[in-house]
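Could you build the full structure based on these sequences and the hints that come with them?
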Amino acid sequence: MIRFEPRTNPGPVLTYGVPVIAAAIAILLAAIPLALADAPIIKAYGLMITGAYGSVFSISEMLTRATPLILTGLAAAIAFRAKLWNIGAEGQLYMGAMAAVAIGSGAIDGPSWVMIPIIMIAGAVAGALMLIGPTLMKTRLGVDEVVTTLLLNFIVLLFVQMMLEGALKDPMSMGWPQSEPIIDSAVFPPLLERMRVHLGLIIALISAIALAIFVKRTVWGFEIRAVGENAAAARFAGISVTKTMILVAALSGGLAGLAGVAEVAGTRGYLATDLSPGYGYAGIVVAMLARLSPVGVIASALFVASVFVGADSMSRAIGVSSYLADLIVAMALLCVLIGGFLTRFTVHFDRKTAG
Amino acid sequence: MEIIDILLAASFWEAAIRIATPLIFGVLGALVCERAGVLNLGIEGIFTAGAMAGWMAVWLGAGLWGGVLVAALAGGFFGLIHAILTVPLGLSQHVSGIGVTLLATSLSYFTYRTALPDVSSPPRIEPFRPLDIPFLSDLPFIGQALFSQTAMTMLALVLVFVTGWVLYRTPLGLAIRAVGDNPSSVEAQGLSVYGLRIGAVVVGSSLMALGGAFLTMSAFDAFFFGMINGRGWVCIALTVFASWRPGKALIGALLFGAFDAFQVRLQTEVGAFLPSQVFLMMPYILSIIALIVVARKADYPKALLVPWFKGQR
Chain D
1 MIRFEPRTNP
11 GPVLTYGVPV
21 IAAAIAILLA
31 AIPLALADAP
41 IIKAYGLMIT
51 GAYGSVFSIS
61 EMLTRATPLI
71 LTGLAAAIAF
81 RAKLWNIGAE
91 GQLYMGAMAA
101 VAIGSGAIDG
111 PSWVMIPIIM
121 IAGAVAGALM
131 LIGPTLMKTR
141 LGVDEVVTTL
151 LLNFIVLLFV
161 QMMLEGALKD
171 PMSMGWPQSE
181 PIIDSAVFPP
191 LLERMRVHLG
201 LIIALISAIA
211 LAIFVKRTVW
221 GFEIRAVGEN
231 AAAARFAGIS
241 VTKTMILVAA
251 LSGGLAGLAG
261 VAEVAGTRGY
271 LATDLSPGYG
281 YAGIVVAMLA
291 RLSPVGVIAS
301 ALFVASVFVG
311 ADSMSRAIGV
321 SSYLADLIVA
331 MALLCVLIGG
341 FLTRFTVHFD
351 RKTAG
Chain H
1001 MEIIDILLAA
1011 SFWEAAIRIA
1021 TPLIFGVLGA
1031 LVCERAGVLN
1041 LGIEGIFTAG
1051 AMAGWMAVWL
1061 GAGLWGGVLV
1071 AALAGGFFGL
1081 IHAILTVPLG
1091 LSQHVSGIGV
1101 TLLATSLSYF
1111 TYRTALPDVS
1121 SPPRIEPFRP
1131 LDIPFLSDLP
1141 FIGQALFSQT
1151 AMTMLALVLV
1161 FVTGWVLYRT
1171 PLGLAIRAVG
1181 DNPSSVEAQG
1191 LSVYGLRIGA
1201 VVVGSSLMAL
1211 GGAFLTMSAF
1221 DAFFFGMING
1231 RGWVCIALTV
1241 FASWRPGKAL
1251 IGALLFGAFD
1261 AFQVRLQTEV
1271 GAFLPSQVFL
1281 MMPYILSIIA
1291 LIVVARKADY
1301 PKALLVPWFK
1311 GQR
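So the protein lines, in turn, are chains D and H.
Residues 1 to 355 in my numbering are what the first sequence spells out, letter by letter.
Residues 1001 to 1313 in my numbering are what the second sequence spells out, letter by letter.
Fair warning: there could be bad hints in the mix.
Listed next, with one range per pair, are the computed distances between beta-carbon atoms [unchecked claim]:
{"hint": "1", "chain 1": "D", "residue 1": "218", "chain 2": "H", "residue 2": "1296", "range": "32 to 42 Å"}
{"hint": "2", "chain 1": "H", "residue 1": "1123", "chain 2": "D", "residue 2": "35", "range": "56 to 66 Å"}
{"hint": "3", "chain 1": "D", "residue 1": "38", "chain 2": "H", "residue 2": "1124", "range": "53 to 63 Å"}
{"hint": "4", "chain 1": "D", "residue 1": "38", "chain 2": "H", "residue 2": "1066", "range": "17 to 27 Å"}
{"hint": "5", "chain 1": "H", "residue 1": "1010", "chain 2": "D", "residue 2": "236", "range": "57 to 67 Å"}
{"hint": "6", "chain 1": "D", "residue 1": "114", "chain 2": "H", "residue 2": "1275", "range": "32 to 42 Å"}
The set of hints was computed from the structure by calculation and includes no laboratory data.
Note that the structure is a prediction, hence the values are computed from the model and not measured.
We treat Cβ as the ideally placed atom computed from N, Cα and C, and that holds for glycine.
Written out as structure tokens, the structure reads:
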């Protein structure tokens, strides 16, 4: 018989060790698909490491990938803390990107210190509204937010496509459905000369630290945690659950929207329907690997970004499908879930006694 | 063309039933899982896995029904992962489900790409042919609309009745429904809560995978990246709309199929005035509307999302 007993105090080693071990196991498990694909395993791992860390350029690429992942990871972390199941970060990201492009590609002009904050606010507001809608439907009408946020991802992507073939279409794009470029004064400047890593990384890091302080040190943060742990008890204690949920929705959607702004204004320069290779969904993995801790999100986003950049570069070198990265990330999520279980319970193997 | 003419055409209902078929499999699968108390958000990935595995088995020479079996086994495998994580370990059904979707999708894509590294156009298989049943297929209207579908559509319709019969007419069905409402009462009967829940999730996931297999082996004849395109999520919405009943699931899927077939026909009429994306959005918007309509009176299985541990009262 296998028995599980609750563990009272997991301790710091277990709390911080489990996500690291889960990530390591996911990386090791990748050897199986690599072997099945007939790839030289040791060489493949080596190529993945040099692909993500081998040069200043590759580190810059990795940090560029990590930027949206930190923001969507924070979006998932804050929402899941309050048990608001926002699976719609992908759609919120695109709405944020679209708002940034609508304002930042020539509609208005000004110096950078005006333009950059304006497109950030526009993108965050657009992302926030995308989540406040489903949240109101949840609190007012009792409509499950999981399905509505998921379905909205598809609706938003079609809406973006429609706008890119219509109002937002770049007349100079030779028929490609893409927006006009973000004007120079609204572009996020690169942090290193001739590298892609940009201001968005700083914004993402500040967001993580600000969110950590907000959750730990403010009354609102306390209320969010209380609602997440036990909504009925929080309501009994006089906390307005609806108001808290809307606050969470605004933060979570806003952060996902910012990820979209960072991608168009920092990395891509214009909006197209392939802006995000699933950053919204990967943000869920980032948040879970971080145990929903905002500061932890930074570390786990760096891990997920390394996997993506490393696997991309490995796949170009030896022709193994780059879907391996998605596979590793998915396995890391399942491993950290199981690991989370082991921090909360101890496992006992009892010999079955007769009678 | 008048709207009435569209609705009265046998070809319209033929399309509606064809579009509904994968949803019937998906909703049946989702409702079997949820009736036992487990939300399975792995559905989108399980659709993908079923579509890929079934197609690949046929492409490798397994025969069409061999492909169906392989798809069901693939679905059952991912269902088992979700079941182990959520039932005995009691982990978050939301997060585990998303994890299974990510795993099943990436594994399917990786396998496809590894088996076919550099093909420009996806290889095709010989899919299920429309049935030609003596007498029935020659009936006016219904002969074309219903009896000229493929064998997989017939299988979906049969499974609606089988699922309904098992859930409402057998002791097993009673136990599955009870385990989703009040697991402790099931344990008091001396039945295994874990066994029933894990079994229901595995069987439900196999059903979901058949929905994916229908797409690559009956509706189309090849596997494409992104071909599931939210159909799994639509099924989760339709399950609520169907109040977790197989009969209503059939009606919900058919209504959905009819609406989808209708908007495609409407598109050719008014397409010039509206962008095509407006029509493509319709299925998702319709799903959200369906959820809003039933939200207030939705009678969720009482123990849905609630983990249960042995020895707990």
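Each hint tested on the structure:
1. 218(D) x 1296(H): 32 to 42 Å: holds, 35 Å
2. 1123(H) x 35(D): 56 to 66 Å: violated, 25 Å
3. 38(D) x 1124(H): 53 to 63 Å: violated, 26 Å
4. 38(D) x 1066(H): 17 to 27 Å: The hinted range 17 to 27 Å holds for residue 38(D) and residue 1066(H), with Cβ atoms some 25 Å apart.
5. 1010(H) x 236(D): 57 to 67 Å: holds, 60 Å
6. 114(D) x 1275(H): 32 to 42 Å: holds, 34 Å
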